[in-house]
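Number of protein chains: 4
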Amino acid sequence: MSSTKIHTESLKTELSEMLGKAYSPYSGVKVAAAVEYEVNGEKKVAYGVNVENVSYGLTVCAERSAISAAIAQGMTSISALHVMSNQEQAISPCGACRQVVTEFMGQVDGPVMCVNQAGTEVWESTLGQLLPNRFDL
Amino acid sequence: MSSTKIHTESLKTELSEMLGKAYSPYSGVKVAAAVEYEVNGEKKVAYGVNVENVSYGLTVCAERSAISAAIAQGMTSISALHVMSNQEQAISPCGACRQVVTEFMGQVDGPVMCVNQAGTEVWESTLGQLLPNRFDL
Amino acid sequence: MSSTKIHTESLKTELSEMLGKAYSPYSGVKVAAAVEYEVNGEKKVAYGVNVENVSYGLTVCAERSAISAAIAQGMTSISALHVMSNQEQAISPCGACRQVVTEFMGQVDGPVMCVNQAGTEVWESTLGQLLPNRFDL
Amino acid sequence: MSSTKIHTESLKTELSEMLGKAYSPYSGVKVAAAVEYEVNGEKKVAYGVNVENVSYGLTVCAERSAISAAIAQGMTSISALHVMSNQEQAISPCGACRQVVTEFMGQVDGPVMCVNQAGTEVWESTLGQLLPNRFDL
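Just so you know, the protein sequences line up as chains P, G, B and E, in that order. Sequential numbering of the first sequence, starting at 1, is according to the numbering used here. Sequential numbering of the second sequence, starting at 1001, is according to the numbering used here. Sequential numbering of the third sequence, starting at 2001, is according to the numbering used here. Sequential numbering of the fourth sequence, starting at 3001, is according to the numbering used here.
Looking at chain P on its own, in the form it has when it is part of the complex (with noise of 0.2 Å):
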């Protein structure tokens, strides 16, 4: 339905003002991101950002804070993933972030779709085609 469809354009507005709160001192890279998942045929969307900390190890990429917080909105599935940052090109998910999505993302052509801030790079893959022969026990 048109009511509940995900504009594109506004998401990637939404991206860009997140980025603002991005939390990078150590870096200075930042990511945002968002998941777009469905709750009784209601199309919604989570947000997350990038958190660094000084342990580099205990860092949490944008993607895997937008899954938390979805996760805590009551996502059981994700339909889509989409990831901006400040760089110049648009970068993709790191292979931890990747696990974590197939985790929640049952089909293997869900779309991943990543851009640059100024929206001139643009990179779309799928789940299957970035974690191909997925861990799993």
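Be careful, since some hints might not be right.
Derived coverage of chain P by chain B (criterion: at least 3 residues anywhere in the stretch with Cβ under 8 Å from a Cβ of chain B; other residues may be distant) [what the hints assert, rightly or not]: (1) 97–107; (2) 120–133.
DSSO-like, lysine-lysine: derived pairs with alpha carbons at most 27 Å apart [stated by the list, open to error]: (3) P/K43 to G/K1021; (4) P/K12 to G/K1012; (5) B/K2030 to E/K3012; (6) P/K44 to P/K30; (7) E/K3043 to B/K2044; (8) P/K43 to P/K12; (9) G/K1021 to G/K1044.
I should point out that these hints are in silico values taken from the structure, not numbers from a laboratory. Glycine is no exception: its CB is placed at the ideal position from the N, C-alpha and C atoms.
Take the given structure of chain P and dock chains G, B and E to it, following the hints.
Chains G, B and E in isolation, oriented as in the chain P frame:
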């Protein structure tokens, strides 16, 4: 001001409801956390739950999920941390979470309050007590 | 040189013995990994096992344990990665491990070989296949 | 027995040499750690260095690298932990490392010794002081 006062009882009710959203198919342990913070004098709360992963090392605790959510909402400094779990005893934050809390909690006497779901076991501490001589650079 | 050739069979025997050292009281899954690398033309191997933690997110996979061990021994570039587990099927590295491997494996056709303990299930791949379009800055 | 006694001075020399193997192109901070343990009455030491990653959250601290190495060598219980860094001050283990140490260090008075590379700044503590009321289930 009373209008912005965070009532602990309502916060406990909220945490108890959030336990149902925890994603912990591997451990069965459900944890919810609330981060209190202030923006422009207004008190706010951000929530999070634990999000496990089939690759255990990619699990995020409830405390860190709540901090990520708070950051995405504009939090810059944590006033208090609340933790509730479905375990019999009140559980305290793990060392990783203590380190992440300290990144955003300036005062060493910042309160950390832990409670079980029944509300019968309560344990209170401070950041300084939980992570003395914290790692920093 | 034949004297420095790493015999795959002896490597499998070593991995099988190392499975007994895995620390995995929470999942019961035992994994051992071997990193092959070269220093001054001499082939070497470093081993690792999975090390779980009561705070699941602090778990380290066998692959990353092996890489840490190799680094401490002077490794600068990974030639090949071997993974063995006590599971029926050959398991592949999780996304986090794929990302860490890529930090030290320059060639996209670097081999990743996975096998179950019985040696009856073998799965081979390359880094490029496992983590295409890897995250980098 | 004197033959198996671990001489602290030689341990410091070893740690100082290991600092050169730390992989920390992102922070420039170099850390080496030594885990002392006993197997069948014989004292042993395992070493580790910090291993950073372009995805900061996949970084492993020296302390945890050393513990992984010790586990792979058969360690079941840590007697003491030593940490050396290239920083001016002696740095203490981060919260994540304290949690992982506690998984393998039964006694709360287990010693944790931190020193700078010059050996001029020394800081000693115990596990119980560093991670009181540890998270456990």
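Hints versus structure:
1. 97–107: Check passed, 5 qualifying residues.
2. 120–133: holds (count 7)
3. P/K43 to G/K1021: Roughly 18 Å between the alpha carbons, so the hint for P/K43 and G/K1021 holds.
4. P/K12 to G/K1012: Judged against 27 Å, a Cα distance of about 35 Å means the pair is violated.
5. B/K2030 to E/K3012: Not OK: B/K2030 and E/K3012 at ~34 Å, beyond 27 Å, violated.
6. P/K44 to P/K30: holds (23 Å)
7. E/K3043 to B/K2044: holds (26 Å)
8. P/K43 to P/K12: OK: P/K43 and P/K12 at ~16 Å, within 27 Å.
9. G/K1021 to G/K1044: Holds, because 21 Å separates the two Cα atoms, which is no more than 27 Å.
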